[in-house]
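Novice: Chains as they are written, first to last, in this note's numbering: chain G, 1 to 651; chain H, 1 to 224.
No wet-lab data here; the hints were simulated from the structure.
Here a beta-carbon is modelled for each residue, glycine too, at the ideal position from N, C-alpha and C.
Hints may contain errors.
[Unchecked claim] Below are the DMTMM-like pairs computed for lysine to aspartate or glutamate, each with C-alpha atoms no more than 20 Å apart in a straight line: (1) K154/H - D613/G; (2) K160/H - E477/G; (3) K154/H - E477/G; (4) K452/G - D66/H; (5) K452/G - E477/G; (6) K160/H - D449/G; (7) K359/G - D613/G; (8) K154/H - D471/G; (9) K154/H - D468/G; (10) K452/G - D69/H; (11) K414/G - D449/G.
[Said to hold, decoys possible] If you anchor each label on the Cβ, the simulated ranges turn out as follows: (12) T485/G - R39/H: 43 to 51 Å; (13) E185/H - A478/G: 32 to 40 Å; (14) A157/H - R522/G: 37 to 45 Å; (15) A478/G - P33/H: 40 to 48 Å; (16) S406/G - Q107/H: 47 to 55 Å; (17) S487/G - V14/H: 35 to 43 Å; (18) S406/G - E80/H: 52 to 60 Å; (19) A478/G - E99/H: 34 to 42 Å; (20) S406/G - P181/H: 55 to 63 Å; (21) G106/H - A478/G: 35 to 43 Å; (22) E80/H - A478/G: 34 to 42 Å; (23) T485/G - V14/H: 53 to 61 Å; (24) H390/G - V14/H: 51 to 59 Å; (25) Q207/H - T485/G: 36 to 44 Å.
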Amino acid sequence: MALTSDCDFYGAILDKGINTVVRHVMRQRPSLFNYGTSPVRADPSLLCKKIDAAPGVTELITVLPAIPLLPMGSIDLGDIGGTDVTLSGGNLVLDFAVQLTALELDFHPGNIITLPAELSPPLQPQHLAFRAEVCAGLSCIPREVLKKFPIPRGIAGRMTRSAALSYLRNPVNPAIATGSRQMAPAALTYTGMSASTASLGDIGSSRYQRVPPIIYLPPNRFDCFCLDLFATGHGSFDGPEGNQRLLLSLDGIELQDLCPEGLENGIECYMMTLINRVVLPPLSDAISEIAFQLQEIPPNDGSLGSVQIGASTAVPHNPAIEDDQLKLFLNLEELTLVIPPITIGTGGGGGTPPTRIVKSRIQTGPASITGAVSEGAFRRIFDVIRDTGHFEIILAPQTASLFGISGSVSAHIKFHLANGTVDFQPDGTIRISELDVKWDLLDVTLSFDIPKLCFQLCGPVPWPPWWDCVDLGCLFEANPDFSFTISLPTGFTSEISLNAGISTYYGLGTPNQWLAYITPSRVDLDIIDIADTVGDILDAALDAAISALGLPSWVSDITSSIVDLVRGLLDIPDDLGEWLQNLIFDTLGVEVTIETYISQWLADSMPILALDDPLTALPADGALIPVRIPIEYLGASVDDDEITFIADVGG
Amino acid sequence: MKLSFNRHILSLSVIDSGVITPMMAVIHRFREPGTYLARVLRGDDQVAGFSIVVDRDAPLVPAQIDLGDIQCPATVVNPETHVLFRAPASPEGYSVVVEQAEGRKGQVAFDNRKLGDGDILMAMLFRPGRYIATDERGAKCEISVALPVKGAAKYIASQKRGVISHGSAISIEYGKDGFRPGKIEAASAQGLMFMIRAPARIRIAFQEEGGAAGRQQKARKAAK
């Protein structure tokens, strides 16, 4: 059964592939998986598990507010002059760190993750399993340290700035003043309350103003624990049609080995919220970014219009989670193209194609990503390009030696397309048949360097008796001597047919790209028989040219003789039109050149899929570097139903 | 359409032995060995110059000098043969005056504006019609040029060029008594060789369509 039997586009990502993507995201955007308070950010060694971050990552964690123990008001004492200690206000808090490590997904049927009994294994159809190791740590100030810190005995709930300065400049523990790593880290938090300087609400201050001020020391270690977190979930499409994205979300969650039940439930609730609202959305975006790359068929750089893709409703489950894959069934809802004139040949053609190399697939088994385009969708795209595209071919002068005469032919051609059929063939090719080429402009310029035609006088000379021949003058001394542009009548239609396969290459450039091209094996262009009309055109053009020369009237009597001479030199038969047609399209190869240009344009300048390597899954965001996923392989094939692309995510 | 060719040839209506243009040439034999200086004139202005060395030891090969494209500063020629002056690509025309550089220095040995005994004027008429050749004294020769004939143009593959030629040239004697014969019929592009026996400047001028060409045209129209 074809992948696209109920949709236009098909995209699927294998759970192993998504886990590879997750690992890339965890290394390049660890702040999505690691949370903690400011001191943790300043000292990542406090984390329970060391983060394996990619080079260039500076933001290891997402900073969260510390856990308030008592919601007190605060004062901000600012920098203390003469010391390297900062007193900053805040509630009495506990620092912490929470990490999700070893995160994995398993699409139905579950064969990567063994679910705990609480989640009612086996994994239900159309569901995914989720496993992560959750590690958390809370700060704890050692008792022996606390003992060395007397609680200032000022007015309860109040410490003046002078008292604080006095205390800090005459510390009980000298380590504070010296900034010792153990006892006096860079940030020293003083939490207190002053009736006159309260910065939090009066409600708080009135309720807690009698609590004595406490000196809080930042943590030098966390007490860590790790739990296995299991979850099940499902996928859905989120967002309006045309701007949809995949959204993975959890339905059930289970933290292993945590008691009592209330604590477990509370943490599970917290983790559910954290994962559903914080972790999974960007992960879903990364998957969507890859899956919706299908919108790049044809390449859409914004100037070519818009392609709107929506979820198909013709399948029972969309997205479907089955066969170890997350499958997306998409339809081409709208395709609007604004195609600028496509210039083929020396006048354009998209510039020099990148250096391309062929890479073989390294991995085996199912691909990380599978995409498919139905024959129907391809036809729709083809139809839109056909109906909106205008093509221009500038044929560079083709030089040729013709009967000893050097000549050249160039052409300026414009055409658009109509009709035609597209069929995917079981032999792995795409057949485009009977595509009408409607000629809008067909100017052919012929130039000839006609050999000199010299008036030669031969006669006897007496000294000594000599038979001498001398040139007294020559016609056609310029180069070219004879050039003319024939505007062939454009009210006719030609047919073009081509057979093409799909080829993928790895293009070296900035960035490197995986490229898929239609590669024609044969292009046939049938120019209609123009012989009947072109002869008259040339005769008329010759007459006009001779008239324009302004020669005396008697010349017209011998014009035919000159033309006869030229025709003789060029071996032009009586049927001038047929000769010209053969000359233009066969001898000088205009027809072949047009076919070649079309082939080269398709094979070199018109990729039907371009996939950056690495592919940017999440853009840079402030200090966060972009998340880039290496694409190890792209392959493409055609059968009589669809074009299928496969891609492997690199490790 | 751009058709570029030497249209002067087609519209040529006057050939003057005193102004060397396409479709004509003059021949002179320098009998006396020595060195000569040649001045090429356009009107009265000298535009080029060269030497002619007449040497008995030189090969017995005629010399052809294109006055519009002087390639060598000196041309060596045997006194037993001739020098041909032409200007096939210069419709504006040139005159050439050759003076002795030794002995009777400055004495004019040849001036095409006044041909002398032994000189030859070569001319070719392509335009069909009736022409009159005259000298400065009023002698005349009527020349009737027929329409071009098919086959006059031939492609010479080895030379990668074509030639238009019509058999052998017609020889016309010019002497004190004028032209002999006084009336000739020529084919288009047939050579005319005026063998000069008395000093002269000969001018061939187109008169009118007609003559052999006119009869041919009438015959063609009647045939149609």
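Novice: Given the range 51 to 59 Å, decide if the beta-carbon distance of H390/G to V14/H lies inside it.
Specialist: holds, 57 Å
Novice: Would the pair K452/G and D69/H pass a check requiring their Cα atoms to be no farther apart than 20 Å?
Specialist: OK: K452/G and D69/H at ~17 Å, within 20 Å.
Novice: CB of S487/G to CB of V14/H, is that within 35 to 43 Å?
Specialist: About 40 Å separates the Cβ atoms of S487/G and V14/H, which means 35 to 43 Å holds.
Novice: Compare the distance between the alpha carbons of K414/G and D449/G with 20 Å, and conclude whether the hinted pair is satisfied.
Specialist: This hinted pair is violated, its Cα atoms lying about 27 Å apart.
Novice: Holds or violated: K154/H with E477/G, Cα cutoff 20 Å?
Specialist: holds, 17 Å
Novice: Does the Cβ pair S406/G, P181/H satisfy 55 to 63 Å?
Specialist: violated, 45 Å
Novice: Is the Cα-Cα distance between K452/G and D66/H 20 Å or less?
Specialist: Holds, at roughly 17 Å.
Novice: Does the alpha-carbon distance linking K160/H and E477/G stay inside the 20 Å limit?
Specialist: Cα-Cα ~13 Å, so holds.
Novice: What's the verdict on K160/H and D449/G, does the C-alpha distance respect the 20 Å limit or exceed it?
Specialist: holds, 11 Å
Novice: Measuring from beta carbon to beta carbon, are A478/G and E99/H in 34 to 42 Å?
Specialist: holds, 36 Å
Novice: Between the beta carbons of S406/G and E80/H, is the distance compatible with 52 to 60 Å?
Specialist: violated, 42 Å
Novice: Determine whether the Cβ-Cβ distance between S406/G and Q107/H falls within the hinted range of 47 to 55 Å.
Specialist: For Q107/H against S406/G, whose Cβ atoms are near 50 Å apart, the range 47 to 55 Å holds.
Against the hints set out earlier in the document, violations occur for numbers 1, 11, 18, 20, 23.
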